[in-house]
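Using the sequences and the accompanying hints, generate a full structural model.
Residue numbers (the working numbering), protein chains in the order written: chain W, 12 to 415; chain V, 13 to 90.
Among these hints, one or two may not hold up.
Unchecked claim - In silico DSS-like links for lysine-lysine, alpha-carbon gap of 30 Å or less:
#1 V:Lys51 - W:Lys155
#2 W:Lys155 - V:Lys16
#3 V:Lys90 - W:Lys356
#4 W:Lys50 - W:Lys268
#5 V:Lys90 - W:Lys318
#6 V:Lys29 - W:Lys117
#7 W:Lys223 - V:Lys33
#8 V:Lys29 - W:Lys356
#9 V:Lys29 - W:Lys374
#10 W:Lys374 - V:Lys51
#11 V:Lys29 - W:Lys223
#12 V:Lys66 - W:Lys155
Calculated directly from the structure, the hints in this document are not laboratory data.
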Amino acid sequence: MAEIKLPWGAWYGDRVRAFSIPDSWQVTQFDLLSEKRIKDSELAEKLNLLGNDLQFKKPKNIIIVVDDLTRPVLLDSLLKSMLEKIAALGYTPEKVKILIGLGSHKGLDEEALLKKLGPFAVANYLCINHDPVDTIDIDVVWGKTPIKLNRHYVEAGYKIVISGLTPHSFAGFSGGAKMLFPGLADMDTIAKTHKSVLMGFMGKLGDVEQNKFRSIIEEFVRNVGLDFFIGVVINADRSIRNIHCGDYINAHRNAAKEARDYYLTKIDEIKEPFDAVILNAYPKDSELLQAENAFIPIKSTKTNFLKEDASVAVTSACSEGMGYHGLFGPGGVLYRNPRPLRFLKGHPVTFFSQNVSEEEFYKLYSAEYHFINEEKALIQKLADKLTGNARIAVFPYASLQLTD
Amino acid sequence: MDIKQKLIDFLYDDSLKDEFKDLDPDDSLLELGIVDSVKMLDLIGFIEDTFEIKVDEEDLYPENFDSLNAIEEYIQSK
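Here it is as structure tokens:
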């Protein structure tokens with residue numbers, strides 16, 4: 012038997028998982044290489060910009076906003092270097108807070124904080140999960156909604172935001188101003204953000220320049236301030252490829268450009284559409300609620316790379332099971348009974364995970380889709396529909412892979 | 013025919029008959045699954061054609077389109 016090897020279990024071991032497949036399948040694997048990594052000297056040079064700004068502004072205290080485990084960026088080494096830099100300027104740990112920009116995701120417990128921030132930050136600094144209730148008015152009204160923002164953030168003397176940039180269905184790329192809106196907002200603002208998106212009033216995947224949502228929230232940020240933004244471009248293996256620092260708009264644009272160039276998976280030279288595609292959710296494979304990110308290669312494509320009746324298989328570790336989202340998850344105000352996803356245009360879908368139950372799966376996905384938790388059954392399900400020399404496309408890092 | 017009835021006639025879909033059965037004019041059309049981003053595009057076109065108004069991009073907020081009452085109020089304000 013031949014094998015396909017998929018990266019598996021971000022935050023939970025990050026290993027390679029092999030799936031045995033029939034020898035007759037003709038597999039095209041669209042890999043992303045992780046060759047380029049930021050050097051220590053480059054990192055130090057970029058963090059000097061932060062040091063210079065702090066020396067110029069001389070704030071009394073500092074807040075550092077970071078993203079959560081649903082985002083795959085490893086912050087351990089970057090954060091340690093930055094905190095040491097800040098400490099060297101006289102900012103002792105009691106003058107610095109780390110705030111997790113959760114939106115309506117689940118708060119990070121100590122184990123999750125250690126994974127995300129590393130032992131140095133957790134042991135020495137106050138780490139706070141954003142609470143949508145602990146927010147204050149910022150004198151900004153969006154339509155008819157007064158906007159509130161995290162109290163710790165608003166009251167901080169100097170505001171730093173660090174975030175990774177991964178393709179995002181309505182903000183173009185994650186990070187930047189989105190870390191505040193909805194990341195640090197009150198529940199009404201978070202709900203309004205998501206409602207606007209669901210009603211089609213916002214931006215699209217991979218586009219930050221012409222993105223209505225982003226231009227609105229960047230204007231909001233102007234009202235509350237953001238002193239220093241660090242946009243992290245990550246490799247497919249989650250190592251740091253590069254960082255872009257400084258102004259929250261310019262640095263985010265530059266990081267988005269580099270991320271887009273890197274994540275763009277060229278499929279326009281494919282001569283014939285595929286009979287099936289395997290979309291592996293890594294590195295956003297920590298929970299079922301994030302697994303829809305695995306459809307990014309299909310959502311972003313301008314090239315019809317699948318046959319009309321091609322099968323779509325999604326694989327995800329879902330290490331934390333179903334996960335939690337205060338709006339879209341079961342019981343959330345925007346939770347709806349699942350239906351077939353329009354952008355899949357009727358393709359048969361099979362979903363593989365061994366960490367969610369069938370009951371959990373069908374709370375989020377249409378009853379028309381197949382749920383499988385046994386590896387052989389997954390391959391058999393695909394094989395049932397395929398002829399001997401079937402052509403299979405594999406996207407091992409599908410949650411990052413934009414297509415052309 | 014009043015505005016709300018015209019909107020219901022446009023939005024009605026047999027697969028959503030349960031949602032329409034007890035629909036209150038203040039119910040969220042989005043939360044009930046009656047509109048989504050694709051349906052919203054059609055709805056905007058329908059409103060512009062039927063009521064001969066221009067829906068400005070600046071007006072595209074959930075508050076204006078998320079219930080029958082909100083849409084009626086919006087149309088009457090134009």
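Okay, the hints, checked on the actual structure:
{"no.": "1", "hint": "V:Lys51 - W:Lys155", "result": "holds (23 Å)"}
{"no.": "2", "hint": "W:Lys155 - V:Lys16", "result": "holds (22 Å)"}
{"no.": "3", "hint": "V:Lys90 - W:Lys356", "result": "violated (37 Å)"}
{"no.": "4", "hint": "W:Lys50 - W:Lys268", "result": "holds (20 Å)"}
{"no.": "5", "hint": "V:Lys90 - W:Lys318", "result": "violated (46 Å)"}
{"no.": "6", "hint": "V:Lys29 - W:Lys117", "result": "violated (35 Å)"}
{"no.": "7", "hint": "W:Lys223 - V:Lys33", "result": "violated (36 Å)"}
{"no.": "8", "hint": "V:Lys29 - W:Lys356", "result": "holds (24 Å)"}
{"no.": "9", "hint": "V:Lys29 - W:Lys374", "result": "holds (21 Å)"}
{"no.": "10", "hint": "W:Lys374 - V:Lys51", "result": "holds (23 Å)"}
{"no.": "11", "hint": "V:Lys29 - W:Lys223", "result": "violated (34 Å)"}
{"no.": "12", "hint": "V:Lys66 - W:Lys155", "result": "holds (20 Å)"}
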